[in-house]
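*Asks:* Single-letter residue listing:
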Amino acid sequence: MHDIRKPALGPRFSCCANLNLRILHIEVTLGILRGRFNAGMSLDAAPDTVSSSPMPRRRGMTRRQALTAAVAAGVGVGAVRLLGTTMQTLSQPPPAAGSDWISPLESESARVMHLLRRATFGYTDVELESALSAGFNRTVDRLLETAPAEAPVFDASPTPGGRFPIAQLQQWWVNHMLGTPTPYAERMTLFWHGHFTSDYRKAADNTLMYWQNLTWRRMALTDLRSMLMQVTTDPAMLRYLDLAASTGQSPNENYSRELMELFTMGPGNYTEEDVRQGARALAGWQLPRPDSYATVTIDNANSVARRLPVYTTQAPGVFNNRRAYHGTVTFLGQAGSIDTQGVIDRILVQPATAQLIAAKVAQDFVNPQPDQVFVTRLADTFRRSDYDIKTLMRSVFTSQEFTAAASYRALLKSPTELMVHAAKALGATGLSRVIVAAGSGMGQSLFDPPDVSGWPSNAAWISTNTVVERVNFVTAALGQTKASLPSASAAVHRHLEGIVSPQTASLFNQAPDEAARWFIILASPEFQLK
Amino acid sequence: MNREIGINQLKRRDFLKAGLVFGAGASGLAAGYAAVPDAFARAVYAAKQGGVSNDNVLVMIQLAGGNDGLRTVVPLSDPALHDLRPVLSGPMVSQALPLTTDFGLNHNLGGIKRLWDKGKLAIVQGVGYDNPTFSHFESIRIWETGDPTRRQVDGWLGRTLAKAYDTNGHPLTGCACGATDVPGALRDLQATMTVIQDQKKFGFTGGSEVEAAVGALYKGTPGIYGALFDTALATASETIAVLRTSSAEYQPLADYSDKVKLVYSSQNQLAAALQLAAELIVTGTGVKLLHVTLGGFDTHYTELSRHDDLMGYLDSAVSAFYQDLAAHGKSDNVLIATWSEFGRRPLENASGGTDHGAAAPLLLIGDPVKGGLYGSAPSLISLDDTGNLKYSVDFRSVYQEILSGHLGADSGDILGATFADVPFLRAPVPAV
Numbered sequence: 001m002h003d004i005r006k007p008a009l010g011p012r013f014s015c016c017a018n019l020n021l022r023i024l025h026i027e028v029t030l031g032i033l034r035g036r037f038n039a040g041m042s043l044d045a046a047p048d049t050v051s052s053s054p055m056p057r058r059r060g061m062t063r064r065q066a067l068t069a070a071v072a073a074g075v076g077v078g079a080v081r082l083l084g085t086t087m088q089t090l091s092q093p094p095p096a097a098g099s100d101w102i103s104p105l106e107s108e109s110a111r112v113m114h115l116l117r118r119a120t121f122g123y124t125d126v127e128l129e130s131a132l133s134a135g136f137n138r139t140v141d142r143l144l145e146t147a148p149a150e151a152p153v154f155d156a157s158p159t160p161g162g163r164f165p166i167a168q169l170q171q172w173w174v175n176h177m178l179g180t181p182t183p184y185a186e187r188m189t190l191f192w193h194g195h196f197t198s199d200y201r202k203a204a205d206n207t208l209m210y211w212q213n214l215t216w217r218r219m220a221l222t223d224l225r226s227m228l229m230q231v232t233t234d235p236a237m238l239r240y241l242d243l244a245a246s247t248g249q250s251p252n253e254n255y256s257r258e259l260m261e262l263f264t265m266g267p268g269n270y271t272e273e274d275v276r277q278g279a280r281a282l283a284g285w286q287l288p289r290p291d292s293y294a295t296v297t298i299d300n301a302n303s304v305a306r307r308l309p310v311y312t313t314q315a316p317g318v319f320n321n322r323r324a325y326h327g328t329v330t331f332l333g334q335a336g337s338i339d340t341q342g343v344i345d346r347i348l349v350q351p352a353t354a355q356l357i358a359a360k361v362a363q364d365f366v367n368p369q370p371d372q373v374f375v376t377r378l379a380d381t382f383r384r385s386d387y388d389i390k391t392l393m394r395s396v397f398t399s400q401e402f403t404a405a406a407s408y409r410a411l412l413k414s415p416t417e418l419m420v421h422a423a424k425a426l427g428a429t430g431l432s433r434v435i436v437a438a439g440s441g442m443g444q445s446l447f448d449p450p451d452v453s454g455w456p457s458n459a460a461w462i463s464t465n466t467v468v469e470r471v472n473f474v475t476a477a478l479g480q481t482k483a484s485l486p487s488a489s490a491a492v493h494r495h496l497e498g499i500v501s502p503q504t505a506s507l508f509n510q511a512p513d514e515a516a517r518w519f520i521i522l523a524s525p526e527f528q529l530k
Numbered sequence: 001m002n003r004e005i006g007i008n009q010l011k012r013r014d015f016l017k018a019g020l021v022f023g024a025g026a027s028g029l030a031a032g033y034a035a036v037p038d039a040f041a042r043a044v045y046a047a048k049q050g051g052v053s054n055d056n057v058l059v060m061i062q063l064a065g066g067n068d069g070l071r072t073v074v075p076l077s078d079p080a081l082h083d084l085r086p087v088l089s090g091p092m093v094s095q096a097l098p099l100t101t102d103f104g105l106n107h108n109l110g111g112i113k114r115l116w117d118k119g120k121l122a123i124v125q126g127v128g129y130d131n132p133t134f135s136h137f138e139s140i141r142i143w144e145t146g147d148p149t150r151r152q153v154d155g156w157l158g159r160t161l162a163k164a165y166d167t168n169g170h171p172l173t174g175c176a177c178g179a180t181d182v183p184g185a186l187r188d189l190q191a192t193m194t195v196i197q198d199q200k201k202f203g204f205t206g207g208s209e210v211e212a213a214v215g216a217l218y219k220g221t222p223g224i225y226g227a228l229f230d231t232a233l234a235t236a237s238e239t240i241a242v243l244r245t246s247s248a249e250y251q252p253l254a255d256y257s258d259k260v261k262l263v264y265s266s267q268n269q270l271a272a273a274l275q276l277a278a279e280l281i282v283t284g285t286g287v288k289l290l291h292v293t294l295g296g297f298d299t300h301y302t303e304l305s306r307h308d309d310l311m312g313y314l315d316s317a318v319s320a321f322y323q324d325l326a327a328h329g330k331s332d333n334v335l336i337a338t339w340s341e342f343g344r345r346p347l348e349n350a351s352g353g354t355d356h357g358a359a360a361p362l363l364l365i366g367d368p369v370k371g372g373l374y375g376s377a378p379s380l381i382s383l384d385d386t387g388n389l390k391y392s393v394d395f396r397s398v399y400q401e402i403l404s405g406h407l408g409a410d411s412g413d414i415l416g417a418t419f420a421d422v423p424f425l426r427a428p429v430p431a432v
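From first to last, the protein sequence lines stand for chains Y and P. The first sequence: position 196 = 196 (the working numbering), numbered continuously. The second sequence: position 97 = 97 (the working numbering), numbered continuously.
Keep in mind the hints are simulated off the structure, nothing from the lab.
Stretch-level coverage of chain Y by chain P, calculated; a stretch enters the list once three of its residues show a Cβ under 8 Å from a Cβ in chain P:
1. 265-275
2. 405-412
3. 467-479
Even for Gly, the Cβ is constructed at its ideal location relative to N, Cα and C.
Could you put together the complete structure from these sequences and hints?
*Replies:* Take a look at the structure:
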């Protein structure tokens, strides 16, 4: 058993005190490596750090013992209860080449970490401790049943025309992700932001994007029927998909189409005629009246001034009957005088809606290629509950599929998940500026999805550009936090369950200082996964 | 919404057999990734015999959102236009730059008009496919995969890359400039390509030591994303090395201005992306298939100024790009082609915009082109039953001419069928 905090393999390297890893003149003893490391193995915990409960120095240590030792090393023996069942030993034969990570998910503590990585943005030490003592089931209850904490008031919101830099709003949200007592609500707010998309460019008033974020958070855990009404009448959405520009006399099809194609039913489940008829039925919505107007110089050089709206009180869109369609429409097989609620009700009668939402949730929270039987089971539950989001998410988190061995590290963290988890793992609260600046190169700027279908997921996050930028974020984050780093050795177990590839183990062991060890953890493939 | 690719199909056997970093010994680990060939990718390369041996380059420009063909190549003498577009037609006809008595270019395409005058612009009119979908994403996928039946997963250029090019040591053979993710047209599990958002920032901020450490860190990673990470990192490292040389050698010989008024959601900096493309071409990095994107064409609302601005932006970026290549003596084998998921509805809507349409013209630009109009412009009177323009040229006819006539690849193998000829190339390369 070797101490992961020390270069136990005997490599010689020259290093500097900062982050740079100089990997020079390494002598690798292949015999030791082959004996100890198999693909997807567990790093042994350092026995001498657990004085009250020394670990036996033998190779066949169980993973449960490793976890116990590691967590105890960080937070004190007895502070954390590990409720896991007996885990497989490390001395088992190596898995076949190319197989997946060895799943630790039979252990309750590993399941709790798995849950927090997927249902929230990772965790701080304190959040993990609290969830571990509650256990998996009670943590699921707690996540689902705690009402979302309101985000703090964003001071710049009454700026005329919403003309404050979008980075301010992005930073405001990231700060709330970092500090909120209800991180599950933030995770769901981001999920809905990527589903019911709008972007600040076309919304053309950042105050409206701020409002949308508040609305999405408040509705995140309610039910799809009421959500669809709020989405349809959301001022930023009215701009983004042109419903505010649509009239009964000359309907704009944009919202009608995307409402069915992307937000609810999916292509192939409605006709082009439904798009046209839906556009008629939905016409009539307008932006709310501004609280006041202000004349603002928008171009100092040329002295151009504009009268811009000032919004101080959040309000939804307003329905103007004079702009509405006054006739019968035939929409999704039903003829009559159908209003917006009628459109939504017709859409929710279609089984395809629950299927689409369930499949997306399954891909985002469980497995990149979810089994159709599983998706249908989720969809049926969702529909039977009258589209209750809590019911859907409870059935996701408590499903066998969620904690199946095949689901372990089967999902790729989005850039925001990666960065917020990194900050939480580091115990750093001042990284929101770095996080906001780094998002675009990795393919995710908040309030600015690439198109109306939102962000991609999983494998689509990876390209030559994004892998480099993920690493660069880690370099930048550690540049700001290296003065006060928590224990990297404990973090290997808290955030990676001690299950790392031979390369990660080796580089971690060779790392000359705590910053370099943290670099290996946060830049590792293991940390990109959830 | 389902944009997953079948990552489980990645073959890791070859990689794992030869690629374990520890198996490579001390020198491999010490030198980091750059010095250790990526065995996974190499196995793919090795399987590829023959292929394209010429130096021809293709630059695809995606006009994302659905470009209005009628405002790009304007029908000048069709009286039906005024009835369909009472608001949008007036200035677009009177200001158009005439190509023939019947057609003119958008008035903001002055630079591209000058290329027409030199015989370097081919316009294929009425391009589309059967039973068009009006969904952005379905239609984008159809254009990207070259498959209207929607069974194909890989992109048509990705398949070309995988089947016809030896990317060994040339990570930039396929490159998306100005993007962060792999464009669907270039996607193929067996293809190696690179994605560069901004070449000034492309690289590890921690320097070569971080690069070496990360290269070692990602070697032979287990799990379903392992090979994907591995290939991306290896390609990134090779790309960084290439860019280091190329940016030292390149001086732009044209004015790439991003000062042209940017339009909503054209956040992709087309001029910057094309300048990077020029750098890669001029400095002999081995680029063959390039992809850039200009967004913002989904003009449901106040199209008039928006679309004119987009045309102006396209024109200035493409003009500078051609001028730069020509000044470096590199324009003779570079073909520039635009594509968009669909055109727009001939009948304008009440928001001063147009909804999703069908057939539209494509622009093919450069020295390899035989200038002129190809295909036939769709009738504005005989519309299909959704009120849209009928196509006369299958978009795969254009792909076919690009693949076999310009790149010299086996188009039948890549597209899975043959299509009617659209002979817009001056001197097609001999058939494979």
